[in-house]
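*Asks:* Spelled out, the chains give:
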Amino acid sequence: MLFPTSGFLLFFLAVAAAMAALDTRFMAKKAVLVVASYYFYAQWDWRFCFLLAFSTTLSYLAGLAIGVAQNRSRRRLITGGAIALHLGLLGVFKYLDFFVLSANQLARLLGLQHELPFLEILLPVGISFFTFHGISYVTDVYRGDADVCRNPLDMALYMSFFPQLVAGPIVRAAYFLPQLARPSREPIPIAPALLLILGGLFKKVVVATYLATGLVDPVFASPTSYGGPDLLLATYGYAVQIYCDFSAYSDMAIALAALLGFRFPANFNQPYRSQRLREFWQRWHISLSGWLRDYLYKPLGGNRHGRLATYRNLMLTMLLGGIWHGAGWKFVAWGALHGGGLAIERMLEPLIGRRAQSPLAKLVATFVVFHFVCLAWIFFRAEDFEVARLYLAGFGAGWHDGVQQAKPFTVALIAIGLAGQFTPPALFERSVGLAARLPAWGLGATAGIVVAAINALGPEGVAPFIYFRF
Amino acid sequence: MVVLERELRKAPVLLAPASTPDAIPLPLRRHGGSSRQVLALSLVGTLVLAIFASRDLSSWLDRLGDGPVMGPLQHAAAAWDGAMDRLGLTGMHDLLRRDIERLLDWEWGAPP
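Protein chains in written order, with the numbering used here: chain D, 2 to 471; chain Z, 647 to 758.
Hints were generated in silico from the structure; no laboratory data involved.
Each hint can be trusted.
Quick list of simulated restraints, FRET-style, between CB atoms: (1) Z:Asp745 / D:Ala85: 51 to 59 Å; (2) D:Lys363 / Z:Leu741: 40 to 48 Å; (3) Z:Asp745 / D:Leu317: 48 to 56 Å.
The model shown is predicted, which means the values in this text are computed figures rather than measured ones.
Glycine is no exception: its CB is placed at the ideal position from the N, C-alpha and C atoms.
Extracted from the complex, chain Z is given alone in its bound form (with noise of 0.2 Å):
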């Protein structure tokens, strides 16, 4: 591990500057955080997505097939998507998706 930071020190130097853009500017780049705070983020955006594509949760376990781990997993989300209906956190979920169903079976001179 020495050895390799040594090397980082002699680092590849850029000779000839790259003239690709980045896709993220530079005056994008300047206000952001750690990796902790990506982590945090990532962390309650799950769980929110937890919540509120409950339903999801539960078909993708069921789409990954039998066996002795996913039993469980299934029967768990399956439960867990059952108390969030219960609380009705599901609505929005279910809303969007008879929405989208009348936006697919739209017909030319019919209302949506």
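One chain only, chain D, in its complex shape (with noise of 0.2 Å):
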């Protein structure tokens, strides 16, 4: 069940009423919303919810186990257990026939006549966010940064509340559980949640999904029928398609919790803006990044033990950021590409600062962090490494043809894609000021008009996001 569809608008109006119905009693509304949520996770696999049930279950009973544990060596045997549970199951799930392949080809290359079988896993849409929300609680409570949660009806929720359940944002412990603790007294905010929604609606429906079927998917699957100009044009398209594709759906779950009286954190913040790498990372899915900084890199050792010691923990942490997106080497790659990027970046450092100063500075400072980011989306959407060096080697040549795969609509699309990471903060908030100004039925209304010209605008049908395959 996607979020622009006609189902998901069905699911959410009763579970709207079950809200407004209940009212006070937040107890109930929660119970409504862990039921609502895997109904939701059972529209692609109804097996699955078992999975997820048993995440939450493991999280839970770890939790319980930490918080009666007499010493510190228990604890800390319990959360390593849970951790690597945890981690089995993906491993299981997400990376064996990744491995069973990798085996294969070593065993060939050394040889060796005997192949291990391909189990052929179903991938459980969402496994790598709940089971890094069941890492982030079991950590939190063992580090002492979240209390034991001991009612299980808000672990279910945490674990499986449907607005992040299959693409994020990652929600810490720590941040989500105190807000299931009591009913959250803030006024549910309509206008800037609309806004969300309407906003997310048109990137993906209209920017994204045009990017994708008229510029990126054909050149990217079959880059040597290209010359240069497409193969730049589809790079820049990939991009834009990506963010507008992955912002839209945190845009859309951001809205969607707080529509239901929850807050999420941030996951993006016009990232193509970035004058250094690492400020990339701290404007491009927010909530992975910070995960993997606080639960990776900083137990390490992060910066505290010397330069190389650095730079290893840099290279190690977005290798397996890289490999947490997906069972493939070209991922290994991107985080490669990631870790060697921010690992140069702090090595020129005392040569080149840690901000740019001028505006030329600046502007060369974002055209090159943008640039480096876009090499790695070459290797991140290409098939495999030989698409991808093939991609590359296709930038020297084509020239004199001009473009012929990219037309005025889709370059239109990538200027706008980039022109909106430039757009100054307060525009949103001014936005949210008028829209705040009418009346619920007023809001609604327009709201529906929109969503009609977005979805006449858009093709018929919605592709599945990006980030559902990680």
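Put the complex together from the two separate chains, hints included.
*Replies:* Okay, here's the thing in structure tokens:
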């Protein structure tokens, strides 16, 4: 069940009706949200619900066990065991066939005859996200950043809450569980939530979809059929497509949670305006980069043990961040590029400073960072290494032939997507101010008209979000 | 339920404040509405959508396949779309669709 579909609208109407009917009965509201979340998840494959329930039970019991453990070493043992089980589950469902494939390739290289059989396990949607939620909870309890959650309903809702279940944002236990402790006294921020939904719909249904079908998919499917201009524009197109696709999902998730009375953390903040790669990771998929920083980079030692150790930790963190995205060497390469880029940037910091100073330096820095990110996106998007190699090799040819695939409309979409990276933040606040003047029915009617218009602009049906497969 | 409510009073305490900023900042959350208003605007929005996007309502139900329930629903959606068409309310949808198709076919060196 995808957000921008009529099926989801009916589902949300039912949930909103239940929330309105239950009014101040917070426990009942949470119970309804858990049932709704499991129903939402079962729309992909009902069997995945058992996996989600197992992951939830594991985290819950581990939290209780950490809470009653007498000493630090026992707490450490329980935490380590729970994390290992979470990662084991992820490993089996997401990476087992990748390991089998890699082992068989290695065996062939070594001249061995025997090959391991593939299990062809179906990848459960959102497993990477709820696994990280489980690890976040257990680690936060171990560190003392969050208290033990003794209410199984709260734990079930934290792990399964449908707006973030299949593609994030990754919400920390220490951030979300306190919101389940007592009902929020804040009013529901209807106007900002609606604007986020409308903006998200436009980004996904119009910008991301037409960029994918009109430019990115055909060029990446057969890069040797196109010259340099098309390859370059398709690279920019993919940069805009993946941003519009993923940030649209995040915006809608944030808005849906807000309409149900919950807060979510920010996940994107105009990443392509970054002047340093480090800044890019503070603006792109913020909930993942923050998770990797706090649960991987810092435990590895962060920047506390000298330069070389810092570079190693950056590299390891980004390599694992890369493989988190998918079981494939191309994701490892993507992570390695970012890890290497971050390490080199840190190495050069005494020369270039942490921030660009002059307007020209800022412009150059933004240009360089954007193009480095685009280079890494080629590995991320290409079917495999060979396609990525052909794609990069193609940049040198065909400049006299002009563009074949990129049409004015797709180029305009790229321009719109990139221009959106440089709009002042106050624009959203001003828009919210204007929308907030309307009564609820007026907002609903206006939103209905805008959604109808976006719907008419988009093609029939909606492609799944890119991050669903991660 | 009573036990659970009691549990609630012993709420999990956030011992270390989360450094993660909220996606919707506090100043924008100060004004808003209730869950009843959320339901009201969702209903109004759905009704408006059913009027102005009746074409998509019909095609969405067609894509869901056949069945004893779906058949009558598809007929009803087609009749609803016909009614909206006669009232001239599908004009915006048709106009936008024509415009986007023209934009998609737009070639370099030719007017859109």
